[in-house]
Amino acid sequence: MKKAIEILIDYLTCTDPVIKTKWLNLLASFWHKDSGAVVKTIEVDEDGNTSFTFLKGDNTEEFVVIQNFVLPNEMPQSFIIGLVDALNSKVDKVTGKGLSANDFTTALKNKLDGLQNYVHPEFHQIGEIDGLTDALNDKQDKVEGKGLSTNDFTNDYKEQLDNPVEVPENLSGFTDDIGATETEIIKVRTKDQIINQDLDASKVYKLMNSISIDGLTEKIRIDNLKKLLGLGHNDTTITITGENGIGFVSAGNGRNIDIENLQISTVGTGSKCFDVTDVDGSHEMRLLSVNFSGCKSLGDVRDYRQVYWNDIGLYGCADGVTFHGEMNGAYINGLNLFSFQATGTLFKEGDDLSFSNRLFAALNFDVPTGAKLLDFQPGVFLGNELLQLNGCIAKVNGVLNPEATTALVPNISANDSVCKWTGNTGLHNSSIERFIEDTDVSGNFEVSWLVDTYYLEMTADTTFTERDLPANGKNTKEILIYLTGEFTPTFPAGWIVNQVGTYKGADVNEIRIKNIKTGVYFTRISNSLSVYPAPDLSSVDPSGFLPNTQDNLINLYGSFFTPQSIVEIEGQTVTAVDFKNSGWLQVVFDTNALEGDFDITISNGTTVIFRNRIAVVLGEVTTPVEADWDIITGGFDHSNGIDAIKQQTINPDESVWEGEFDYTQDFQVRVDSEYSPLGFSATGSDRWVLEDSSGNSIRMENRGDGSSNLIINGTFYAAGRVSSGQGTYTSGQITIRNTGEILVRENGSLRSGLPTLTLGSNFKLKLLSRRVNYYSVKYILLAN
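The working numbering applies: residue 195 is where the sequence shown begins, and numbers increase by one.
Rather than coming from a laboratory, the hints here were simulated on the basis of the structure. Check before you lean on any hint, since a few could be wrong.
The calculated lysine to aspartate or glutamate pairs, modelled on DMTMM-like cross-linking and capped at a C-alpha distance of 20 Å, are [what the hints assert, rightly or not]:
hint: 1; residue 1: K698; residue 2: E680
hint: 2; residue 1: K197; residue 2: D241
hint: 3; residue 1: K671; residue 2: E579
hint: 4; residue 1: K589; residue 2: D513
hint: 5; residue 1: K711; residue 2: E680
hint: 6; residue 1: K960; residue 2: D824
hint: 7; residue 1: K566; residue 2: D494
hint: 8; residue 1: K958; residue 2: E895
hint: 9; residue 1: K542; residue 2: D469
hint: 10; residue 1: K400; residue 2: D429
hint: 11; residue 1: K774; residue 2: E814
hint: 12; residue 1: K614; residue 2: D646
hint: 13; residue 1: K214; residue 2: D252
hint: 14; residue 1: K698; residue 2: D634
hint: 15; residue 1: K542; residue 2: E478
hint: 16; residue 1: K614; residue 2: E680
hint: 17; residue 1: K542; residue 2: E520
hint: 18; residue 1: K397; residue 2: D452
hint: 19; residue 1: K960; residue 2: D886
hint: 20; residue 1: K774; residue 2: D730
hint: 21; residue 1: K421; residue 2: E378
hint: 22; residue 1: K333; residue 2: E378
hint: 23; residue 1: K708; residue 2: D646
hint: 24; residue 1: K197; residue 2: D252
hint: 25; residue 1: K385; residue 2: E437
hint: 26; residue 1: K958; residue 2: D822
hint: 27; residue 1: K566; residue 2: D513
hint: 28; residue 1: K671; residue 2: E660
hint: 29; residue 1: K420; residue 2: D394
hint: 30; residue 1: K960; residue 2: E848
hint: 31; residue 1: K958; residue 2: E852
hint: 32; residue 1: K400; residue 2: D417
hint: 33; residue 1: K671; residue 2: E640
Label pairs and their in silico Cβ distance ranges [said to hold, decoys possible]:
hint: 34; residue 1: S722; residue 2: F910; range: 51 to 57 Å
hint: 35; residue 1: F910; residue 2: N692; range: 55 to 61 Å
hint: 36; residue 1: N527; residue 2: I630; range: 29 to 35 Å
hint: 37; residue 1: I587; residue 2: E240; range: 57 to 63 Å
hint: 38; residue 1: K711; residue 2: E640; range: 20 to 26 Å
hint: 39; residue 1: N638; residue 2: N692; range: 30 to 36 Å
hint: 40; residue 1: D634; residue 2: Q744; range: 52 to 58 Å
Where a beta carbon is used, it is the ideal one built from N, C-alpha and C, also for glycine.
Make the full structure from the sequences, and use the hints.
So this is what it looks like as structure tokens:
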């Protein structure tokens, strides 16, 4: 507990004067609570104010601040005691004049001393009377017969007004600015005439000078704004100055917006020109000859039926306009866009935006990299060809570059079904195609469907991709690519599904890709390989099939087959064609009930019909192979076909099939022939002979004169012609059928009146040709 200083002194009971003196000195050396408050801290702040902290005797603190006194630069005269009274007792000093006992200046006294008494004249001139001349000029000369009247005009004029001329009915609705009265056009000279109020919907407001509004407490309501006019871009500007300020607003009753011939500027951070909503979606936003200068944003337009902007300028703006809601359409013509921000978008997609009719825009702009024209999605447009960019002049960083279109319009391509872009410079068009040349193609190359023709030289293997594909509903589109270079091109998978032709690197290949619809293409490659020989069928294996069977496999051997070869079998159903190589096709097919020999048709771009190459029969079919033939004379060539022999010279050729036919079985022998270009034109006959070892024979002769004979064991049986005339020979088939008796058919017609031929041994087949090739030879062991 703290004690008073006197009590502390009395604590010392020692009487030693030295000790007592030291004790008193010790107590005097320390501050005691009874000595008053002590300064604990002193602080000076940045303004020069001094703060003191005092520790009082009861151990509490007291704070005292002494303000820094700064003498002001100026003080009133009353600040100096007696100064006002001293000044009031002084006169202003005038150069050349000093104190005088006169009541006025010396110069004035001299003038007064020289004055004489004034004598007033009897008359004065008109000009000597102040204002009299002007007063007389304002008076009308008196005219005899005319005097003062209570009318504001003459009696004659009053009579005309009392009896007006009727206006014809067809002119009664005509109005013009000539007839406009002062009450119909309100001349706006101050902002107070149009801000924060419901305007008169029957009046036109004409801005006579520039105004500034903050856009916060000062806004222009468009609910009843019939029309707002200006005197021009340079003479009338509406400037929105406030941070996040808005110039034009609607108060829930937004109607037509009609602004003409002025300039709008927003300088406040986050400010915008418009935030307006149509009351019922039936009105128009109409801007004519309006400039937007340095605007932070054009703002938001909601639910307006249509937009009409003509002769519009955006200069130094940061961002464009956002459209919201269901719109019928927009017509934006002659819009100039320059000094736009790289982060800006001219037309932005807002909430639930849609266009049921066209958005037409003719733009002239130069924007920096990063800026966008519009960010709409294709689904905004509810029909085809509704987005129409027409006659635009488009530059990015001062350069006309159509390839910048994707960056300017990132979500829609000129070839989308919603687009119709025509007449543009520096911007893609939907219908005007282009030519591109590139002589150093390697690695990857992107083909645009907006380009009509490419000339490309590969310098390495290249993978091709595609972009800007036509949308469904657009016209079928075709690209022409001239491609060369002895490297490997890899095309998009869809291109090669229906591809005709093969790329040849040493040639300039003409490649036509037709986009039929989404995902479906037809591709044709033309080069020196395109003059492709017609397909040739040398043999089939097997050549006979049972009726009414499924999934029969047949091998077709020949030449000039392609992966796209088409195979048809007469009267049968082909289910699959497998390309093995250019000389081998495997075909799967189903047979029908009808028996007979049937044609095979093969197409590799050229279509060829091979007659009677397949037998559908209840039996086992055997065809001769090359080793089965023994050439008797001439130049029959068996190497080109397993079951066919071809004439090689113009001389008679004869060959015998060494295989023997079992005479005890039911069988058929069929031989098909056709005219040979090497045919010998002599009158001798082409013949085939079925002959046994004992000399029994059946011989069929077709003669050069067009006649034919059937000779059985040396006996001639004349028959009708099987040819079309002297020296020519048509295709023919000779069939011998043994079912206990011999039946002979010539081109399907049964030869009648023939004797019964007794078979005593196995038979061989001998063929001789002067003018034909035998293209199909079959032995058919019939089912019993």
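Cross-check of the supplied hints:
1. As the CA atoms of K698 and E680 are separated by approximately 7 Å, the hinted pair is consistent with the 20 Å bound.
2. Between K197 and D241 the CA atoms are separated by roughly 42 Å; this puts the pair beyond 20 Å, and the hint is violated.
3. The suggested pairing of K671 with E579 holds, with an alpha-carbon distance near 16 Å, which does not exceed 20 Å.
4. Taking the CA atoms of K589 and D513, the gap is about 18 Å. The hint holds against a cut of 20 Å.
5. In summary, the hint linking K711 to E680 is not supported, as the alpha carbons are separated by about 32 Å, beyond the 20 Å threshold.
6. In summary, the hint linking K960 to D824 is supported, as the alpha carbons are separated by about 9 Å, within the 20 Å threshold.
7. With a C-alpha separation of about 17 Å, the suggested pairing of K566 with D494 holds against the 20 Å cut-off.
8. Distance hint between K958 and E895 is fulfilled; the C-alpha atoms sit about 17 Å from each other, no more than 20 Å.
9. Note on K542 and D469: the hinted pairing holds, with a Cα-Cα distance of about 14 Å set against a maximum of 20 Å.
10. Between K400 and D429, the direct Cα distance comes to roughly 12 Å. Compliance with the 20 Å bound is thereby established for this hinted pair.
11. Using a Cα cut-off of 20 Å, the hinted pair K774 and E814 is violated, with the two alpha carbons roughly 27 Å apart.
12. Proximity of K614 to D646 is assessed by CA-CA distance (about 17 Å); at most 20 Å being required, the pair is judged to hold.
13. Distance hint between K214 and D252 is unfulfilled; the C-alpha atoms sit about 29 Å from each other, more than 20 Å.
14. Straight-line distance between C-alpha atoms of K698 and D634 comes to about 18 Å, which keeps the hinted pair within the 20 Å bound.
15. The straight-line distance between the Cα atoms of K542 and E478 is roughly 18 Å, inside the 20 Å bound, and the hint therefore holds.
16. For the hint pairing K614 with E680, the CA-to-CA distance comes to about 40 Å; that exceeds 20 Å, so the pair is violated.
17. A C-alpha spacing of about 14 Å is found between K542 and E520, which places the hinted pair at or below 20 Å, so the restraint holds.
18. Annotation: proposed proximity of K397 to D452 holds, straight-line Cα distance about 12 Å (limit 20 Å).
19. Restraint check for K960 and D886: the C-alpha separation of about 11 Å stays at or below 20 Å, so the hint holds.
20. With a C-alpha separation of about 15 Å, the suggested pairing of K774 with D730 holds against the 20 Å cut-off.
21. Of the supplied pair hints, the one linking K421 and E378 holds, its CA atoms being roughly 11 Å apart against a limit of 20 Å.
22. With a C-alpha separation of about 35 Å, the suggested pair K333 and E378 falls outside the 20 Å cut-off, and the hint is violated.
23. With a C-alpha separation of about 11 Å, the suggested pair K708 and D646 falls inside the 20 Å cut-off, and the hint holds.
24. Taken as a hint, the K197 and D252 pair is honoured in the structure, with Cα atoms around 12 Å apart against an allowance of 20 Å.
25. For the given pair, K385 sits about 19 Å from E437 by alpha-carbon distance, which is consistent with the 20 Å threshold.
26. Distance restraint check for K958 and D822: the Cα-Cα separation of roughly 11 Å lies within the 20 Å cut-off, and the hinted pair is therefore satisfied.
27. The hinted pair formed by K566 and D513 meets the criterion: a straight-line CA distance of about 10 Å does not exceed 20 Å.
28. With a CA separation close to 13 Å, the supplied pair K671 and E660 stays within the 20 Å bound.
29. Between K420 and D394 the CA atoms are separated by roughly 8 Å; this keeps the pair inside 20 Å, and the hint holds.
30. In summary, the hint linking K960 to E848 is supported, as the alpha carbons are separated by about 7 Å, within the 20 Å threshold.
31. Taken as a hint, the K958 and E852 pair is honoured in the structure, with Cα atoms around 6 Å apart against an allowance of 20 Å.
32. Only pairs whose Cα atoms come within 20 Å are accepted, and K400 paired with D417 is accepted, the gap being roughly 17 Å.
33. Our distance criterion of 20 Å between C-alpha atoms is met by K671 and E640, whose separation comes to about 17 Å.
34. S722 and F910 have their C-beta atoms about 56 Å apart, which keeps the hinted 51 to 57 Å range intact.
35. With their beta carbons about 58 Å apart, F910 and N692 fall inside the hinted range of 55 to 61 Å.
36. Judged by the Cβ atoms, the range 29 to 35 Å given for N527 and I630 holds: they are separated by roughly 31 Å.
37. Range check, I587 to E240: Cβ separation about 60 Å, and the 57 to 63 Å hint holds.
38. Distance hint for K711 and E640: a CB-CB separation of about 22 Å, consistent with the stated range 20 to 26 Å.
39. As the Cβ distance of N638 to N692 is approximately 24 Å, the hint placing it in 30 to 36 Å is violated.
40. The given range of 52 to 58 Å is respected by D634 and Q744, whose C-beta atoms sit roughly 55 Å from each other.
Violated hints, listed in ascending order, are 2, 5, 11, 13, 16, 22, 39; each of the other numbered hints is respected by the structure.
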